[in-house]
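Undergrad: Listed below, chain by chain, are the residues.
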Amino acid sequence: MKILVADRQLVRPGDCLAILEGDEIPPGPGLKHFPDKHIYVLGEKVYSDVLGVVSIEDGKSISVIPLESVYIPRKDDVVIGIVVDIGLTVWLVDIKAPYKAILPAGDVIEGFNPAVHNLRSYLDVGDFVVAKVAAFDRLRDPLLTVKGKGLGKVTEGFVIDIKPSKVARVVGKKGSMYNVLVSYTKCEVLVGSNGYILAKCPSEQALKALIKAIKLIEAKAHLRGLTEEVKTLLELELGVKA
Amino acid sequence: MSSKPVLIRDDGTRLDGRKPDEMRPVKITIGVLKNANGSALVEYGGTKVLAAVYGPREVLPRHLALPDRAILRVRYHMAPFSTEERKSPAPTRREIELSKVIREALEAVVFTNMFPRAGIDVFIEVLQADGGTRTAGLTAASIALADAGIPMRDLVIGVAVGKVNGVLVLDVNELEDQYGEADMPVGVLPNLNEVVLLQLNGVLTREEFNKALDMAFKAAEHIYKLAKEAFYVKYTKVVEEVK
Chain A
1 MKILVADRQL
11 VRPGDCLAIL
21 EGDEIPPGPG
31 LKHFPDKHIY
41 VLGEKVYSDV
51 LGVVSIEDGK
61 SISVIPLESV
71 YIPRKDDVVI
81 GIVVDIGLTV
91 WLVDIKAPYK
101 AILPAGDVIE
111 GFNPAVHNLR
121 SYLDVGDFVV
131 AKVAAFDRLR
141 DPLLTVKGKG
151 LGKVTEGFVI
161 DIKPSKVARV
171 VGKKGSMYNV
181 LVSYTKCEVL
191 VGSNGYILAK
201 CPSEQALKAL
211 IKAIKLIEAK
221 AHLRGLTEEV
231 KTLLELELGV
241 KA
Chain B
1 MSSKPVLIRD
11 DGTRLDGRKP
21 DEMRPVKITI
31 GVLKNANGSA
41 LVEYGGTKVL
51 AAVYGPREVL
61 PRHLALPDRA
71 ILRVRYHMAP
81 FSTEERKSPA
91 PTRREIELSK
101 VIREALEAVV
111 FTNMFPRAGI
121 DVFIEVLQAD
131 GGTRTAGLTA
141 ASIALADAGI
151 PMRDLVIGVA
161 VGKVNGVLVL
171 DVNELEDQYG
181 EADMPVGVLP
191 NLNEVVLLQL
201 NGVLTREEFN
211 KALDMAFKAA
221 EHIYKLAKEA
231 FYVKYTKVVE
241 EVK
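Taken in sequence, the protein lines are chains A and B. Letter by letter, the first sequence follows residues 1 to 242 in the working numbering. Letter by letter, the second sequence follows residues 1 to 243 in the working numbering.
Read the hints as simulated data drawn from the structure, not as lab findings. Model, not experiment: these values are computed from the prediction. Some hints could be false.
[Unchecked claim] BS3-like, lysine-lysine: derived pairs with alpha carbons at most 30 angstroms apart:
{"no.": "1", "chain 1": "A", "residue 1": "Lys-163", "chain 2": "B", "residue 2": "Lys-27"}
{"no.": "2", "chain 1": "A", "residue 1": "Lys-220", "chain 2": "A", "residue 2": "Lys-174"}
{"no.": "3", "chain 1": "B", "residue 1": "Lys-225", "chain 2": "A", "residue 2": "Lys-2"}
{"no.": "4", "chain 1": "B", "residue 1": "Lys-225", "chain 2": "A", "residue 2": "Lys-45"}
{"no.": "5", "chain 1": "A", "residue 1": "Lys-2", "chain 2": "B", "residue 2": "Lys-234"}
{"no.": "6", "chain 1": "B", "residue 1": "Lys-228", "chain 2": "A", "residue 2": "Lys-37"}
{"no.": "7", "chain 1": "A", "residue 1": "Lys-45", "chain 2": "B", "residue 2": "Lys-228"}
{"no.": "8", "chain 1": "B", "residue 1": "Lys-211", "chain 2": "A", "residue 2": "Lys-45"}
{"no.": "9", "chain 1": "B", "residue 1": "Lys-218", "chain 2": "A", "residue 2": "Lys-45"}
{"no.": "10", "chain 1": "A", "residue 1": "Lys-173", "chain 2": "A", "residue 2": "Lys-212"}
{"no.": "11", "chain 1": "A", "residue 1": "Lys-212", "chain 2": "B", "residue 2": "Lys-34"}
{"no.": "12", "chain 1": "A", "residue 1": "Lys-186", "chain 2": "A", "residue 2": "Lys-220"}
{"no.": "13", "chain 1": "A", "residue 1": "Lys-32", "chain 2": "B", "residue 2": "Lys-225"}
{"no.": "14", "chain 1": "B", "residue 1": "Lys-34", "chain 2": "A", "residue 2": "Lys-163"}
{"no.": "15", "chain 1": "A", "residue 1": "Lys-208", "chain 2": "A", "residue 2": "Lys-132"}
[Stated by the list, open to error] Sample of chain B residues with no beta-carbon within 12 angstroms of chain A, all distances over it, derived:
{"no.": "16", "residue": "Val-6"}
{"no.": "17", "residue": "Asp-11"}
{"no.": "18", "residue": "Gln-199"}
{"no.": "19", "residue": "Glu-208"}
{"no.": "20", "residue": "Leu-213"}
{"no.": "21", "residue": "Asp-214"}
We put the CB at the ideal spot given by N, CA and C, even for glycine.
So here's chain A without its partners, still in its complex pose (with noise of 0.2 angstroms):
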């Protein structure tokens, strides 16, 4: 495979990434898409199937990383929602994707029996809820649960709100980024796959700190360096050293 550009390069749809040799041309005519990747094959090469960064891993493997996109929900992720309506079983729940997702009542109230429990007094719309994506096949809108540690009503706490394709940086890479947000101000955050970020702070000025930092990092995702950044937007903040 000859690569045609370079790694964290900005490429739109359509952007030749490079051209395949030999044996890795895909057989007989049309398309190949590869929906993970963001990358189509069509005949020898390769293109860019959205807005975003090259990613180039040993040389060998290209894929683009978007700049913009939706949440698309999938099974065991664990999102931050918001109830915004209520049905005689189930609430229905935002989690920022282009499908509403279920909650069942029964996974929340123990023998639950809709003659005897009012649903709006568990769950009313408006409340946030962190959940786990318990299915979801696209045939169907996604299920949820709140069965597990750390799941159910939001009591406390501020929910911040930022770009789902700018989740993968404010966790990092093995969370080294959610490790020095959470080193740095002290805060307890809970990081939604859908974009919304729990954070419980020991103080105001904490919390603000906070804020500044999730935004920098959404707005500078597709740059270099953002870690150091960071660190020094904390420090100045905080005044403190982690």
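Based on these hints, arrange chain B on the given structure of chain A.
TA: Same frame as chain A, but now just chain B:
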């Protein structure tokens, strides 16, 4: 009705001083609307078109959603103040047709199968009309789609070729469109060398048609370069704002 203006001067230049194969100045700005997922403002000379993309999101009413792919909804609309005489804001026959052809051009590039049961809404608003609004609108819509992070095969660049006084001219403006003999808007995929929109109003010979298509492809390359630059500008501006 006033008499026909001189569309091609004796020295071969056009009404506005351009050469036959010269574009009007093109300006592309990306990310002009905060509420939209993606947006673009495209100017071809006096033609100014704003495009906004929302989605992929839930489709309402629900019954419009498709089980295997996202639906694309495109609204091409001319603002009442976009023309010299006030245009009624109600969608006309022409606007409904243009919405359809632009939608079909975009459907050819967007990977709609990635978002089943969802919908992508594209709004194209003509702010100022001076000929070539559908081509500028198509360019703006495709750039806004890319800005929204929607997976697609390529950008679509719209450009029109016309014939006035027997001469093939690039990027016709209002007067040339009104008094010319032919107008051919083309939607081009600059990387894949495909045509996704082709309309022809008037008469061209086969030779003229081929030459017109060549001119369109060449011009599309030029506009595509500007679009590429506009994407760079958007993401370097982010850096400056943060600093």
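Undergrad: None of the hints should be skipped; say for each whether it holds.
TA: Comparing the hints with the structure gives:
1. A:Lys-163 x B:Lys-27: Judged against 30 angstroms, a Cα distance of about 28 angstroms means the pair holds.
2. A:Lys-220 x A:Lys-174: Status holds; Cα separation ~19 angstroms.
3. B:Lys-225 x A:Lys-2: Holds. Lys-225 (chain B) to Lys-2 (chain A) sits at ~23 angstroms (cutoff 30 angstroms).
4. B:Lys-225 x A:Lys-45: The given pair, whose Cα atoms are some 20 angstroms apart, holds under the 30 angstroms limit.
5. A:Lys-2 x B:Lys-234: Distance ~29 angstroms between Lys-2 (chain A) and Lys-234 (chain B) Cα, so the pair holds.
6. B:Lys-228 x A:Lys-37: This hinted pair holds, its Cα atoms lying about 21 angstroms apart.
7. A:Lys-45 x B:Lys-228: holds (20 angstroms)
8. B:Lys-211 x A:Lys-45: holds (28 angstroms)
9. B:Lys-218 x A:Lys-45: holds (22 angstroms)
10. A:Lys-173 x A:Lys-212: Holds, because 20 angstroms separates the two Cα atoms, which is no more than 30 angstroms.
11. A:Lys-212 x B:Lys-34: holds (20 angstroms)
12. A:Lys-186 x A:Lys-220: holds (23 angstroms)
13. A:Lys-32 x B:Lys-225: Within the cut-off at roughly 26 angstroms; holds.
14. B:Lys-34 x A:Lys-163: holds (13 angstroms)
15. A:Lys-208 x A:Lys-132: Judged against 30 angstroms, a Cα distance of about 28 angstroms means the pair holds.
16. Val-6: About 41 angstroms separates Val-6 (chain B) from the closest Cβ of chain A, which puts it past 12 angstroms; holds.
17. Asp-11: holds (39 angstroms)
18. Gln-199: holds (23 angstroms)
19. Glu-208: Glu-208 (chain B) clear of chain A: closest Cβ-Cβ about 29 angstroms, beyond 12 angstroms.
20. Leu-213: Since the minimum Cβ distance to chain A is about 20 angstroms, Leu-213 (chain B) lies beyond 12 angstroms and the statement holds.
21. Asp-214: holds (20 angstroms)
Taken one by one, the earlier hints all hold for this structure without exception.
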